[in-house]
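Number of protein chains: 2
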Amino acid sequence: MSGEPLDIEGWTCPAPLRDSPTVLLGHGAGGRLTAELVEHLFVPALGGDATALADAAVVDVDGVRIAMTTDSFVVRPRWFPGGNIGALAVNGTVNDLAMVGAVPLYLTAGFIVEEGLETEELGRLSAALGAAAREAQVQVVAGDTKVVDRGHGDGVYITTTGVGLVPAGVDIGPTRAQPGDAVLVSGPIGVHGVAVLSVREGLEFGTEIRSDCQPVSSLVADLRTAGIDVHVLRDPTRGGVAAALNEIAGSSRVGVEVVERAIPVPDEVRAACGFLGLDPLVVANEGKLLAFVPEHQADEAVAVLQANPRGAGAARIGRVVAEHPGVVVARTGIGGTRVVDLPLGEQLPRIC
Amino acid sequence: MSGEPLDIEGWTCPAPLRDSPTVLLGHGAGGRLTAELVEHLFVPALGGDATALADAAVVDVDGVRIAMTTDSFVVRPRWFPGGNIGALAVNGTVNDLAMVGAVPLYLTAGFIVEEGLETEELGRLSAALGAAAREAQVQVVAGDTKVVDRGHGDGVYITTTGVGLVPAGVDIGPTRAQPGDAVLVSGPIGVHGVAVLSVREGLEFGTEIRSDCQPVSSLVADLRTAGIDVHVLRDPTRGGVAAALNEIAGSSRVGVEVVERAIPVPDEVRAACGFLGLDPLVVANEGKLLAFVPEHQADEAVAVLQANPRGAGAARIGRVVAEHPGVVVARTGIGGTRVVDLPLGEQLPRIC
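Chains A and B are the protein sequences, given in the same order. Reminder that position 328 of the first sequence reads as 328 in my numbering, one-by-one numbering, no gaps. Reminder that position 58 of the second sequence reads as 58 in my numbering, one-by-one numbering, no gaps.
I should point out that these hints are in silico values taken from the structure, not numbers from a laboratory. A portion of the hints provided could be inaccurate.
[As the list claims (entries may be wrong)] Residues on chain A that point at chain B, a partial pick, calculated with CB under 7 angstroms:
(1) G47
(2) S72
(3) Y106
[Stated by the list, open to error] Now the stretches of chain A that chain B is said to cover, found in silico as 3 or more residues with beta-carbon under 8 angstroms:
(4) 24-37
(5) 115-125
(6) 140-153
For each residue, glycine too, the CB sits at the ideal point set by N, CA and C.
Could you put together the complete structure from these sequences and hints?
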């Protein structure tokens with residue numbers, strides 16, 4: 001590397017200009033640049049307010065409360081340890097529905113295929129999508145296929161949209177966190193991002209790290225059945241736990257305090273993150289949730305999550321405080337505290 | 001041209017092999033190749049039957065009948081006379097909802113942006129999308145943005161998904177055509193496809209031809225209010241009127257007979273199609289509908305459509321017959337008949 005001349009053309013600024021005249025990779029990374037694009041471009045253009053453009057919306061159809069959410073999946077590579085773009089397209093959208101307390105019911109899938117993709121691979125990815133839908137107990141009811149010419153795609157991009165039913169009495173949303181709430185996570189973090197990076201960059205970390213790509217809707221159902229008064233749910237995908245907690249702290253105008261050593265980070269993930277210079281808190285997850293619940297129900301909620309195989313590694317990682325509204329701090333192993341900031345832009349492009 | 005060597009690498013077979021091992025542009029064209037991909041690849045992979053994967057599905061949520069549909073838009077260029085990819089993404093999806101008789105209510109929008117797109121253009125396209133949504137009286141309730149690296153997109157692709165309410169008593173679908181039905185079209189055909197081609201290929205046809213990109217949901221509402229017993233509706237987009245009529249004839253197992261000179265084709269479209277060697281019946285429309293109604297209500301239905309500015313050019317163009325089920329024939333100007341076949345694959349790539 002050191003012998004090569006600096007490639008100015010392909011060089012990416014690690015902290016790109018905030019008022020860039022063009023769209024940067026970082027605008028799609030789920031960090032501060034994405035938030036700014038939504039707030040300053042999409043919301044004024046499309047009408048409505050910023051909260052109305054959250055990942056899942058709850059709307060009324062003839063007196064029934066339904067949740068709607070959409071996500072485009074552009075993960076590279078399409079196959080990675082523990083998953084693929086087809087399964088991810090189902091679980092990502094199912095989980096977004098679950099995060100407003102909805103029971104996921106129906107999916108649509110739009111495929112943008114690059115000319116030249118092997119038909120056999122498209123078939124395998126579709127079968128993976130179908131299998132994931134059955135596992136998550138949702139039905140794929142409508143689809144669309146477009147083909148773009150070579151050099152204008154990357155195999156296949158999949159956009160899924162989900163519709164779910166919000167049960168009566170359920171009121172879960174990012175503005176409902178309140179001082180005294182306990183913050184839970186349903187299992188070890190950072191796994192999806194490291195699994196994708198490991199194959200993309202050809203890195204070997206000793207043990208194979210497999211993505212946690214899975215539906216978490218059954219965890220939400222279990223919490224509801226147990227009578228837990230869940231205030232906020234969030235699946236920490238792009239931007240990881242750091243982005244999710246920052247968004248909740250901002251929306252609810254509360255402070256969040258996490259205890260670093262309480263956060264489950266697998267050794268392999270910690271090692272890989274050390275090697276790559278990443279904070280595990282900003283690495284994407286695809287089968288985990290964060291839950292904000294009243295302090296007095298925290299232990300019970302952790303037990304409920306742990307009783308489900310999909311939440312076996314659940315843990316309590318922090319609490320909501322009245323101080324420093326909008327700011328997330330972490331108590332470090334050596335007794336200090338640090339601010340956990342919303343990542344600016346791109347650390348892991350095309351992770352989902 | 002004639003002096004240049006044949007470019008074997010970039011050469012596209014006009015009638016590609018049906019069992020191609022790779023995906024071809026024609027698989028996205030809405031013709032026979034698309035139908036085969038859906039029938040032989042997506043339906044087995046995703047479960048369900050072919051009708052369940054129609055453009056819009058009608059599903060039950062807690063006793064309410066809702067319609068769901070999704071479409072990815074990859075039109076090139078992004079701006080064309082009479083429209084742009086943002087407006088198209090709204091109207092295409094709104095119209096698909098209307099085609100099962102649903103009242104369109106909510107949209108989601110997923111943007112796949114290529115790194116380097118000017119932020120200002122993304123803003124203008126989003127504003128166009130927002131304006132089209134207001135005009136079509138639907139609300140954009142959720143969105144997503146992904147950014148892909150240069151050379152893996154083409155400015156922006158937009159996937160919209162729509163949800164609508166199917167009013168009580170409405171039963172409109174592609175299997176309900178029956179012998180004796182009259183076939184109506186809501187206005188002149190072929191305009192969108194020719195408008196896009198004209199700018200893409202740098203062709204000039206004397207007069208500027210503007211896309212008919214518009215919502216047709218108010219036409220459907222007018223027919224319902226007037227008490228017309230509509231059996232089938234279809235917006236003849238990719239593959240044009242020919243593909244739409246063939247699909248209906250196949251689904252309903254009836255024959256369709258159209259009278260060529262009764263089909264409204266603007267002179268400019270006819271001239272352009274002659275120049276390009278295209279049949280106007282296979283050219284895409286983005287603001288028209290085909291309606292199958294009982295013979296005794298046909299004149300009234302045409303009058304209802306004509307009374308709405310969006311259906312001013314409505315006409316009766318044919319009828320359903322018991323003979324030749326699954327086959328569409330056209331009576332030509334000189335008194336003969338010809339079979340109107342489903343186009344095989346690609347005539348107009350990336351038209352929507």
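These are the hints, each one checked on the structure:
Interface hint at A/G47: satisfied, since its Cβ lies 5 angstroms from the closest Cβ of chain B, which is below the 7 angstroms cut-off. For A/S72, the suggested interface contact is upheld, since its CB lies about 4 angstroms from the closest CB of chain B, less than 7 angstroms. Hint on A/Y106 holds. Least Cβ distance to chain B is approximately 5 angstroms, under the 7 angstroms limit. With a threshold of 8 angstroms between beta carbons, the proposed coverage of the region 24-37 of chain A by chain B holds, since 8 of its residues qualify and at least three are required.
Judged by the Cβ-Cβ criterion of 8 angstroms, the region 115-125 of chain A is covered by chain B as claimed, because 8 of its residues qualify and three suffice. Using a Cβ-Cβ cut-off of 8 angstroms, 13 residues of the region 140-153 of chain A lie near chain B, which meets the minimum of three, so the contact claim holds.
No hint from the list above goes unmet by this structure.
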